[in-house]
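These protein sequences, in sequence, are chains V and B.
Going by our numbering, the first residue of the first sequence is number 6, and it counts up by one from there.
Going by our numbering, the first residue of the second sequence is number 6, and it counts up by one from there.
It should be emphasised that the hints constitute simulated quantities derived from the structure, not laboratory data.
Quick caveat, the model's predicted, so the values are computed rather than measured.
Please note that a few of the clues may not be correct.
The list treats identical chains as interchangeable, and a pair is accepted whether it falls inside one copy or across any two copies.
Said to hold, decoys possible - Restricting the straight-line Cα-Cα distance to at most 27 Å, the calculated cross-link-like pairs of lysine-lysine (DSS-like) are: (1) 494 <-> 86; (2) 267 <-> 497; (3) 82 <-> 223; (4) 281 <-> 222; (5) 333 <-> 267; (6) 261 <-> 79; (7) 281 <-> 389; (8) 389 <-> 86; (9) 223 <-> 333; (10) 497 <-> 389; (11) 222 <-> 261; (12) 389 <-> 483; (13) 223 <-> 442; (14) 490 <-> 223; (15) 389 <-> 511; (16) 483 <-> 333; (17) 442 <-> 86; (18) 223 <-> 261; (19) 483 <-> 222; (20) 97 <-> 370; (21) 97 <-> 483; (22) 370 <-> 389.
There are 2 protein chains.
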Amino acid sequence: MNSFQPTAERQSVLENKSSSEVKSKSVSQINGHRARQDFSSVYNRDLLPAESGEEVTKNFLLELLDILFSYICKSFKRSSKVLDFHHAHQLKDGLDGFTLALPDEPENLEQLLVDCRDTLKYGIKTGHPRFFNQLSSGLDIIGLAGEWLTSTANTNMFTYEVAPVFILMEEVLLRNMMSMIGWPEEEGDGLFCPGGSVSNLNSMLLARYHFFPEVKKKGMAALPKLAILTSSHSHYSVQKSAAVLGIGIDNVLLVKCDERGKMIPAELESSIITAKGAGLVPFYVNATAGTTVYGAFDPLNDIADICQRHGLWMHVDASWGGGLLMSKRHSAKLNGIHRASSVTWNPHKMMGVPLQCSAILVRTKGILQECNQLRAAYLFQPDKHYDISYDTGDKTLQCGRHVDVFKFWLMWKAKGSTGFEAQINRCLDNAEYLYDKLQGRADFQLVFKSKPEHSNVCFWYLPDSVRNLQVGPERNNKLHTVAPKIKGKMMKEGLTMIGYQPLGDKVNFFRCVFSNPATQREDVDFLLDEIARLGSDL
Amino acid sequence: MNSFQPTAERQSVLENKSSSEVKSKSVSQINGHRARQDFSSVYNRDLLPAESGEEVTKNFLLELLDILFSYICKSFKRSSKVLDFHHAHQLKDGLDGFTLALPDEPENLEQLLVDCRDTLKYGIKTGHPRFFNQLSSGLDIIGLAGEWLTSTANTNMFTYEVAPVFILMEEVLLRNMMSMIGWPEEEGDGLFCPGGSVSNLNSMLLARYHFFPEVKKKGMAALPKLAILTSSHSHYSVQKSAAVLGIGIDNVLLVKCDERGKMIPAELESSIITAKGAGLVPFYVNATAGTTVYGAFDPLNDIADICQRHGLWMHVDASWGGGLLMSKRHSAKLNGIHRASSVTWNPHKMMGVPLQCSAILVRTKGILQECNQLRAAYLFQPDKHYDISYDTGDKTLQCGRHVDVFKFWLMWKAKGSTGFEAQINRCLDNAEYLYDKLQGRADFQLVFKSKPEHSNVCFWYLPDSVRNLQVGPERNNKLHTVAPKIKGKMMKEGLTMIGYQPLGDKVNFFRCVFSNPATQREDVDFLLDEIARLGSDL
Numbered sequence: 006m007n008s009f010q011p012t013a014e015r016q017s018v019l020e021n022k023s024s025s026e027v028k029s030k031s032v033s034q035i036n037g038h039r040a041r042q043d044f045s046s047v048y049n050r051d052l053l054p055a056e057s058g059e060e061v062t063k064n065f066l067l068e069l070l071d072i073l074f075s076y077i078c079k080s081f082k083r084s085s086k087v088l089d090f091h092h093a094h095q096l097k098d099g100l101d102g103f104t105l106a107l108p109d110e111p112e113n114l115e116q117l118l119v120d121c122r123d124t125l126k127y128g129i130k131t132g133h134p135r136f137f138n139q140l141s142s143g144l145d146i147i148g149l150a151g152e153w154l155t156s157t158a159n160t161n162m163f164t165y166e167v168a169p170v171f172i173l174m175e176e177v178l179l180r181n182m183m184s185m186i187g188w189p190e191e192e193g194d195g196l197f198c199p200g201g202s203v204s205n206l207n208s209m210l211l212a213r214y215h216f217f218p219e220v221k222k223k224g225m226a227a228l229p230k231l232a233i234l235t236s237s238h239s240h241y242s243v244q245k246s247a248a249v250l251g252i253g254i255d256n257v258l259l260v261k262c263d264e265r266g267k268m269i270p271a272e273l274e275s276s277i278i279t280a281k282g283a284g285l286v287p288f289y290v291n292a293t294a295g296t297t298v299y300g301a302f303d304p305l306n307d308i309a310d311i312c313q314r315h316g317l318w319m320h321v322d323a324s325w326g327g328g329l330l331m332s333k334r335h336s337a338k339l340n341g342i343h344r345a346s347s348v349t350w351n352p353h354k355m356m357g358v359p360l361q362c363s364a365i366l367v368r369t370k371g372i373l374q375e376c377n378q379l380r381a382a383y384l385f386q387p388d389k390h391y392d393i394s395y396d397t398g399d400k401t402l403q404c405g406r407h408v409d410v411f412k413f414w415l416m417w418k419a420k421g422s423t424g425f426e427a428q429i430n431r432c433l434d435n436a437e438y439l440y441d442k443l444q445g446r447a448d449f450q451l452v453f454k455s456k457p458e459h460s461n462v463c464f465w466y467l468p469d470s471v472r473n474l475q476v477g478p479e480r481n482n483k484l485h486t487v488a489p490k491i492k493g494k495m496m497k498e499g500l501t502m503i504g505y506q507p508l509g510d511k512v513n514f515f516r517c518v519f520s521n522p523a524t525q526r527e528d529v530d531f532l533l534d535e536i537a538r539l540g541s542d543l
Numbered sequence: 006m007n008s009f010q011p012t013a014e015r016q017s018v019l020e021n022k023s024s025s026e027v028k029s030k031s032v033s034q035i036n037g038h039r040a041r042q043d044f045s046s047v048y049n050r051d052l053l054p055a056e057s058g059e060e061v062t063k064n065f066l067l068e069l070l071d072i073l074f075s076y077i078c079k080s081f082k083r084s085s086k087v088l089d090f091h092h093a094h095q096l097k098d099g100l101d102g103f104t105l106a107l108p109d110e111p112e113n114l115e116q117l118l119v120d121c122r123d124t125l126k127y128g129i130k131t132g133h134p135r136f137f138n139q140l141s142s143g144l145d146i147i148g149l150a151g152e153w154l155t156s157t158a159n160t161n162m163f164t165y166e167v168a169p170v171f172i173l174m175e176e177v178l179l180r181n182m183m184s185m186i187g188w189p190e191e192e193g194d195g196l197f198c199p200g201g202s203v204s205n206l207n208s209m210l211l212a213r214y215h216f217f218p219e220v221k222k223k224g225m226a227a228l229p230k231l232a233i234l235t236s237s238h239s240h241y242s243v244q245k246s247a248a249v250l251g252i253g254i255d256n257v258l259l260v261k262c263d264e265r266g267k268m269i270p271a272e273l274e275s276s277i278i279t280a281k282g283a284g285l286v287p288f289y290v291n292a293t294a295g296t297t298v299y300g301a302f303d304p305l306n307d308i309a310d311i312c313q314r315h316g317l318w319m320h321v322d323a324s325w326g327g328g329l330l331m332s333k334r335h336s337a338k339l340n341g342i343h344r345a346s347s348v349t350w351n352p353h354k355m356m357g358v359p360l361q362c363s364a365i366l367v368r369t370k371g372i373l374q375e376c377n378q379l380r381a382a383y384l385f386q387p388d389k390h391y392d393i394s395y396d397t398g399d400k401t402l403q404c405g406r407h408v409d410v411f412k413f414w415l416m417w418k419a420k421g422s423t424g425f426e427a428q429i430n431r432c433l434d435n436a437e438y439l440y441d442k443l444q445g446r447a448d449f450q451l452v453f454k455s456k457p458e459h460s461n462v463c464f465w466y467l468p469d470s471v472r473n474l475q476v477g478p479e480r481n482n483k484l485h486t487v488a489p490k491i492k493g494k495m496m497k498e499g500l501t502m503i504g505y506q507p508l509g510d511k512v513n514f515f516r517c518v519f520s521n522p523a524t525q526r527e528d529v530d531f532l533l534d535e536i537a538r539l540g541s542d543l
């Protein structure tokens, strides 16, 4: 017997009726047991901590759960849309009573519940099995439960004092990740950061401090002219970090890649030598394990050899590829990662942890603390009654730090390492399936021939009007417009979502990525058919 | 009639029994209507997207809600503890079956629910009316609802494409905040960042780019030796930002404050002149609106005059004080803030928004984009079918960005501007009440005499053993040990929490701050009595 399932009648209200219609329906039944409370004369002030606010709070949270659960179910249903697209001006003008403007006087809780429904209605179902648009996708129920608990605990990672359990969970998670990387038990440290870009920024900051500790006090004025090296396919956060740190993006030397998007080691070494000859001091090499567009893995061992030879810091940006370390079948693609000085790894990408969850891992113990600490007396009192080595807040660029670990910890408990492995293998199987299908279709063309290493598959759709043209600039110009036009139509129809981009001399092509365990082969079939349906007459 | 309230029997199970006892109780009744599902042979794989996983998912989320709601109710109950302190080694050894270690094989959902209970049990109730330890406190039900919805939507702020509603909400919130600051409608831009430190870092980055746009490409090597100015009472993130940007903390000139903790304008001007004389190029002044320890407001108009005279960027760190702009009674303390070039304002502090919620606001339109953009083609395609000015992702240091706006937007709807005003006034009233009480007690001493400007009240507790000593080094040494000893005992007893620190020549003192609307005068009375009870025999 359950008390929560909405009745068919209520379900239809929730899904199909406009805001005002829902508002007028002030009483409804949840499975006949619970009379739905009318919240139209109930306000924020009636909720806890108001005296006798427990009942109202409970009923309000149950209503909210009703809305969220209905959304969750729809997210997984292939018959529901991925999105219901509206232009910004439409949403700003107000649709069916959904207004973004902020009031002077409180609105009632009924209106707030309607706003919650509308917010979800006009948003994007990133957990939908046919959402292929981003490296992060899926909706993990355990991860979600973890986030709900995290926000209920509403605390901060700066000290053991206010986050004892979460601080210890962070330690356990980092230790497990470092062990997957292959660092020995007595080495390594790390932190969860607000996204891979901040993790990468941290790595460059640590490397600079490692070679030039005087920079913390004296600034870049005391240093020679630095250079860093990264591949032309690497993530733009490497350049962003160089801009922030005052190294300058002109001093980020982009190393050539092969056709597959992998850094060419010989090119790296010659770039290093050239840079030195030009009076620059290279100190940091970023290798990518899983590039954003091609999903390529740089040859880590070769790069490590070069870094060793020249005494450089080797960072591995495994934001996207780190998850493959969980899979016996795929982890060899990251061979050599244990030789890195630092690693970025985002469980919110390939491991399906809800956003945000990104770790910076660094091999040298103590350097995070030394590089970043400022010993603010009001947070990090040395005369506390407990072991202050757990006050991790002084290791970060931040002060307050969101708790990003609990959801990941809970998911690991729920799946085990073997569960993550199976989930990742399934995503990569989907990529191979797509790759095989594309090879069998004349109206699609792969951007590069080799089998996917990660779950990225890059391809063009070729409408007849393109296929009938000879290879050359005219064909390229025409082809360049195909993906954006299909994407525009696709978003208006709302049945699936996939990204596109140009890269180097390649005109706009689609990039499909798989990180959602809900996606199955039928969804891959659907994607191709949908692209062909939307694009055939272009 | 309700279906969710736990029975008295179950309540006692949830609150008092150890993990193993709870586990053995596999069936329980929620108010007699819903038979509790036994999850001990149910696993993650049985949840959505598993076929026919809806029922299990619903029941699991209801169980979770049960746990969270029980915690929420306890958070507001004065009879419950703020914390149940354990040392790290105790938690790591495993308490009552609560183990942090991560398994290879999946654990069942019953165990996960127990883990959720235990995580909350050993954590800190930051929403408790007697938690005074941090600038962020309280547990706002609407904010919490907002966070739950945000994590269910699980999307990313980088493009309009994947976060249309949230991108527009961000715009509306920033516009409202800028209007409270007093910037005209046609000026201003901003972003929500992962905490005040990152917001402050952003402001310094923008200022550097404003004066020296070549830094983005060429790095600091192309620039003169920069200096920045901030008060000795300002937040340590100013120094941290200078370290990150390669300016160096030696080039952060700390301006003297008066007894009350406010920057002395004449000292600022003479520091600027001295710096210039020493060949430095000052370009950025950080003024604080609400310092961390004293809650002091720097004289913004005087500082703005000086910045104008010397052509410097004026940043106002109103992380803590920004909330006072919502109050007609208190906003005058920030007079002059409209003259700032940039402002940091953390709604997760004084406005009670759940962590994290911090905004950087900048007066010059377009500079965020120019300074930070790198035009990654795979995210920010120029040939999209919608208005790409809403793709805000290229304005940030980050790539992916957590959705921090929805909870704030929903709270504003629920309270209205007037509700925030009342909430903030109440917190400041509590501070005045504490201030008045302290003046009437011989066993306490204020750190400075003047009335609180923000909700910070700083004081020493004076046990007899200290009061009997003459003012001098011996008394100071003794007094320095009092607060840490009381804090240690206080955490073990767990009935309340307050922070302490030394500052300049002042030995360890307590800092009480009020940002929790649940706190009432009786809690202030309790705090003082508890300190005296724990400290009288020291």
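Can you list which hints this structure breaks, lowest number first?
Hint check: 2, 3, 6, 7, 9, 13, 14, 16, 19, 21 fail, others pass.
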